[in-house]
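Asks: Please model the complete structure; the sequences and the hints are all you need to start from.
4 protein chains.
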Amino acid sequence: MNSFGENIKVTIFGQSHAPAIGMTLEGLPAGLKVDFDELQRFMDRRAPGKSYSTQRKEPDAPEFVSGLVGNETCGAPVTAIIRNKDTRPADYGNLADVPRPGHADYTAAVKFGDARDKTGGGQFSGRLTAPLCIAGGMIIQFLRERGIEVKARAASIGTVKDDGAFPENDIGEDFPAVSESSRAEMLGEIEKARAEGDSVGGIVECVVTGVPEGIGEPMFGGLENRIASAVFGIPAVKGIEFGRGFESARIKGSEMNDPFFFDGDGRVRTKTNNAGGILGGISDGMPITFRVAIKPTPSIAKPQESVDLKTKENVTMTVNGRHDPCIVPRAVPVVEAVAAIVIYDALLSAEKEN
Amino acid sequence: MNSFGENIKVTIFGQSHAPAIGMTLEGLPAGLKVDFDELQRFMDRRAPGKSYSTQRKEPDAPEFVSGLVGNETCGAPVTAIIRNKDTRPADYGNLADVPRPGHADYTAAVKFGDARDKTGGGQFSGRLTAPLCIAGGMIIQFLRERGIEVKARAASIGTVKDDGAFPENDIGEDFPAVSESSRAEMLGEIEKARAEGDSVGGIVECVVTGVPEGIGEPMFGGLENRIASAVFGIPAVKGIEFGRGFESARIKGSEMNDPFFFDGDGRVRTKTNNAGGILGGISDGMPITFRVAIKPTPSIAKPQESVDLKTKENVTMTVNGRHDPCIVPRAVPVVEAVAAIVIYDALLSAEKEN
Amino acid sequence: MNSFGENIKVTIFGQSHAPAIGMTLEGLPAGLKVDFDELQRFMDRRAPGKSYSTQRKEPDAPEFVSGLVGNETCGAPVTAIIRNKDTRPADYGNLADVPRPGHADYTAAVKFGDARDKTGGGQFSGRLTAPLCIAGGMIIQFLRERGIEVKARAASIGTVKDDGAFPENDIGEDFPAVSESSRAEMLGEIEKARAEGDSVGGIVECVVTGVPEGIGEPMFGGLENRIASAVFGIPAVKGIEFGRGFESARIKGSEMNDPFFFDGDGRVRTKTNNAGGILGGISDGMPITFRVAIKPTPSIAKPQESVDLKTKENVTMTVNGRHDPCIVPRAVPVVEAVAAIVIYDALLSAEKEN
Amino acid sequence: MNSFGENIKVTIFGQSHAPAIGMTLEGLPAGLKVDFDELQRFMDRRAPGKSYSTQRKEPDAPEFVSGLVGNETCGAPVTAIIRNKDTRPADYGNLADVPRPGHADYTAAVKFGDARDKTGGGQFSGRLTAPLCIAGGMIIQFLRERGIEVKARAASIGTVKDDGAFPENDIGEDFPAVSESSRAEMLGEIEKARAEGDSVGGIVECVVTGVPEGIGEPMFGGLENRIASAVFGIPAVKGIEFGRGFESARIKGSEMNDPFFFDGDGRVRTKTNNAGGILGGISDGMPITFRVAIKPTPSIAKPQESVDLKTKENVTMTVNGRHDPCIVPRAVPVVEAVAAIVIYDALLSAEKEN
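Residue numbers (numbering that gives the first Met the number 0), protein chains in the order written: chain A, 0 to 353; chain B, 0 to 353; chain C, 0 to 353; chain D, 0 to 353.
Think of the hints as simulated: they come from the structure by calculation, not from any bench. Incorrect hints may have been included.
For identical chains, the list gives no copy identity; a pair is met inside one copy or between any two copies.
[As the list claims (entries may be wrong)] Derived pair list, reagent style DSBU-like, types lysine-lysine, alpha-carbon separation capped at 30 Å:
| id | residue 1 | residue 2 |
| --- | --- | --- |
| 1 | Lys311 | Lys32 |
| 2 | Lys32 | Lys84 |
| 3 | Lys49 | Lys160 |
| 4 | Lys32 | Lys251 |
| 5 | Lys32 | Lys301 |
| 6 | Lys191 | Lys160 |
| 7 | Lys49 | Lys309 |
| 8 | Lys251 | Lys160 |
| 9 | Lys251 | Lys301 |
| 10 | Lys301 | Lys311 |
| 11 | Lys270 | Lys191 |
| 12 | Lys311 | Lys191 |
| 13 | Lys309 | Lys32 |
| 14 | Lys84 | Lys49 |
| 15 | Lys309 | Lys191 |
| 16 | Lys84 | Lys160 |
| 17 | Lys49 | Lys251 |
| 18 | Lys311 | Lys251 |
| 19 | Lys251 | Lys191 |
| 20 | Lys301 | Lys270 |
None of these values were measured; they are calculated from a predicted model.
Replies: Dropping the structure here:
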């Protein structure tokens, strides 16, 4: 289904070319204040129209239709919608029965048949990450009130890595990576892919600091389970790892284990953070760290091989429309949004137990 | 919580040194036959007592207390328990208030306080994967009836890779990898870690063939979401990737996209399978492939730094007890079990729609 | 939370005086056609503005913002909103801190504190049954395609019973009861309550015909559990009974048990239907019948005793605003809506098993 | 499915003649103490073997296999089983294909086919209320620690009402009603039914005192929704009403509304409790009161009309086996158990919000 969460629950609705997209956020405590300007700035980080992204123009301004009195939650579900304005369904006319390789067109056709929304990816469109950012952008504000910060960056684009220190340093305004030189290189990598009629993937790294120890549940209710489950709801994600992740498979226990010690304040800390802040599914008080693999945008200008589901013939096709040669930078706030929602949800669970 | 699944739901219970561990499997159709001998052989692949594993002796023979009439499901929840026999809680006496690095001891102490089960990892013990294998082992049989095969292998141990072809070839009886020479090298890697009082991690690769197209839900209900969520319920998992996974972050869209074509039978297939059989969360008819990063066993013989939660002092501690220098081989059937449960669950969802 | 359902899930959002109210319906199969005119006629049965109801004027015309392509479901969540137009929050100014007896004002104040939406009942308003009717009105159409009819009536208003045969006969256009003379008496009962500055309750009876046998789950997933759980989501409901209901507590087993027989078509039927079509939580092929007790509208013109939560004083208060002296007739389509949603949801569950 | 609850979740398993029945209770905080003797006394109130019940002899002594360390919860799921001992499946041989009127035999046959457990009602047996009492009996102890008391009685048997004051007075040891003379009359009513080869129903009334205000969620998450949903999981329940219930449908708003006032302690109270302690699904601080209609036991000695599902013929049948002429007294602790579980679950929800 289109929902996730336990104490708070986010439901996403809409299609790329429907009248609107939107979200409902249930279970929020009453009396939380939303800073709409800050929320809009957060939305803008994901919005299209940047040099490296699709040229579709959408201001992505959420309209709140319920759940707020003024700028404050009242305990009722918060629903916000974003009207789709700059739709060009005609761009997709020739694709109706020819699934784009790497897209969900074919599986949508199998699952929903001829009644599926055939324009712009329908409900599988990356555009559906906008409402996810409404929910996450609000919750990032609520977490900050509790001393919890969520930060993500593009850790790599193709083979180019961000060599800046993170999360110590902030990301750039032009591009969500730390090092200025890396940012230039990354933009170059994306421009090169665009020039070739191709696309390129990358890795988003996310760090959540200030999470108290003891958040999360054992076994299937752990932070890793919940973050992973929600992160794969972002289109184009093909992998996730926590802490040392896949590297941990190559090393020894004596290197991997994080030694405990009492810090100056009498709190238990670990000398390293190979676990990514999570042991047994539960936060240990260190920063939560994870990395997400984003595949290259499947929409590319190069001709590709596909099938015509109506005529039953193999065909060569070209994807028209306006597409990002790299969605990694726009995925950065989306990953933050998902992390924030899951952490906040787990935080509310933990509170009920004490 | 300790459950997952939608149409079928698995609940795991027990602790390492409780009277028993077990599972309840709700939602199974009536009339499915269980081959108990085959199930036991599956359980034995995970059971301890092998050269490369802990010397704890547990036959791991499930006792079914409900849900079956003879060897057939009757539509009621199936519950099976395994009595814990070879328990030695005394081994853990000195650890009660000194959390083992890399284990959930510390986070369990934060979450559950002094009332937590302090022996053998309590509910966080790897032993809880045995009941998961009861559920998965049954379901693997039900899937086979539908032409779906679930196979996993140790793709690497530390830096040693299995260079055999998979899933075309079967895994060895002595060790769950394909190539005979790789198996010898992997066992050597494990033996070396044990000799050093250390441990080593690895990667489990899983392939599910025969899954029909159209299984899974969009967004948060996708196969990737569900498999990832459940896989992180296996202790020591730190990452998961589908298809080309993290590699996809480094390549171009033209390399990543799988071209469609009609095969001889008039079915849509893809020439490559970089997507790992999943597009938009939904199966595309190609094999489902994923890889799981398993960290090295945190229990090692080497002295480690930790804290005494009672005296509030930093201490050096040594883990006693019987431990695996590498849990990767025993995790192989557990990953199969989880994959089977999720796929079967999704399969039942899909059937209701048609 | 504000959702219910398993295979399909309805989420209701909005408050009485928020910009909008609405609903999201997830899990609908693709390709189902919605007759918007019929839906509007269904909505109109619940809408205010009738002789016996509040004078608030709201056309209650749903705007579908997602999930439909033309008039057909596409497999994405269906979201529809209704703008609130004729709001008069000023009517509620004097009630902000004086809870109306019989309303949720006091419990809302306890639960959500000062941030609660204080106007018009907020999220507890009966107005939230309008979006429930969007979902139910659509599903009634889908059920009819499968030969399932959902019909409800006002079985009694205060002490006046509808003495018409039901569901054999249809309800009247002026009032949702069968017998013409009973309808006149019922309207008189309501008019009398209004004239006295009082209100009156009643019973809604619902019958669902054409439900195939075998729908529903054992124990906590039975039709009775699910219908009851959802029906208590309708404000003012204080009781529910299935088949002979409370009467069954007074009779003998030999009177209560419904004898089985094979009907002419070789189908198993029961000679009586005291069970209300449900045995062990599962449909037995006979009509599903249940009755719902609706308390008198708590908003009455008579002065009432209450408390001022700010000044901490006992006070006498009068409820202003526009209110129904009896909400039973408007609850009739709402009960149909809830019954339809639950039955359809259970129907989809059952299909997956066969 | 066989589970309910959100913060805590109860899963029931077993069949009447399976090796065992049992329950798993997830989500309990760690460190709660169980008084096993008191629990056994609670179980005994439901157990068979009394004058008015079946002669099946089962001590119903739960064996805890996980989740407790000593007598204290440790944060892991608590699982307990009860071995079935006094099974006589032969009693049911002649019923295999002839469904007993009023039982779930026919609907079980439709739903689960020939693989269903045909002996003793299988998973639909009233015996499954024993594990429900393990869960509820524990939780009643936890609630008492918080000043919350759960009490139920047989308010009527057939047409005989208990005319004692409740919950002010305790129920009798011989029979769960307050008035001594009513108890004698009720036992007479039951004995008469038994002598006639018949059975009789009744009403269970439950009162929960000490519930703080603000417990429960709006709309579909209200206390009424949750209690109703779980109560219909008790076999033979055909109706439920809260507070004045069905009577409220016959009265005026001015009679029904409970006037608020500040009591001596400065707490808000209501002068009457027609709402049964719940407004808008949320507790208002007054006692939670509800009444449950229990139909007469469907197993009666009198010959009844039924069908042979194999031969497709109408038949006359007689129910053998050991049956209660009235299950109402044994249902009394079961209703308490369900009420306790739901209230405790809602209490944990509420705590997380503050």
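Asks: Tell me, in ascending order, the numbers of any earlier hints that this structure violates.
Replies: 4, 5, 7, 12, 15, 16
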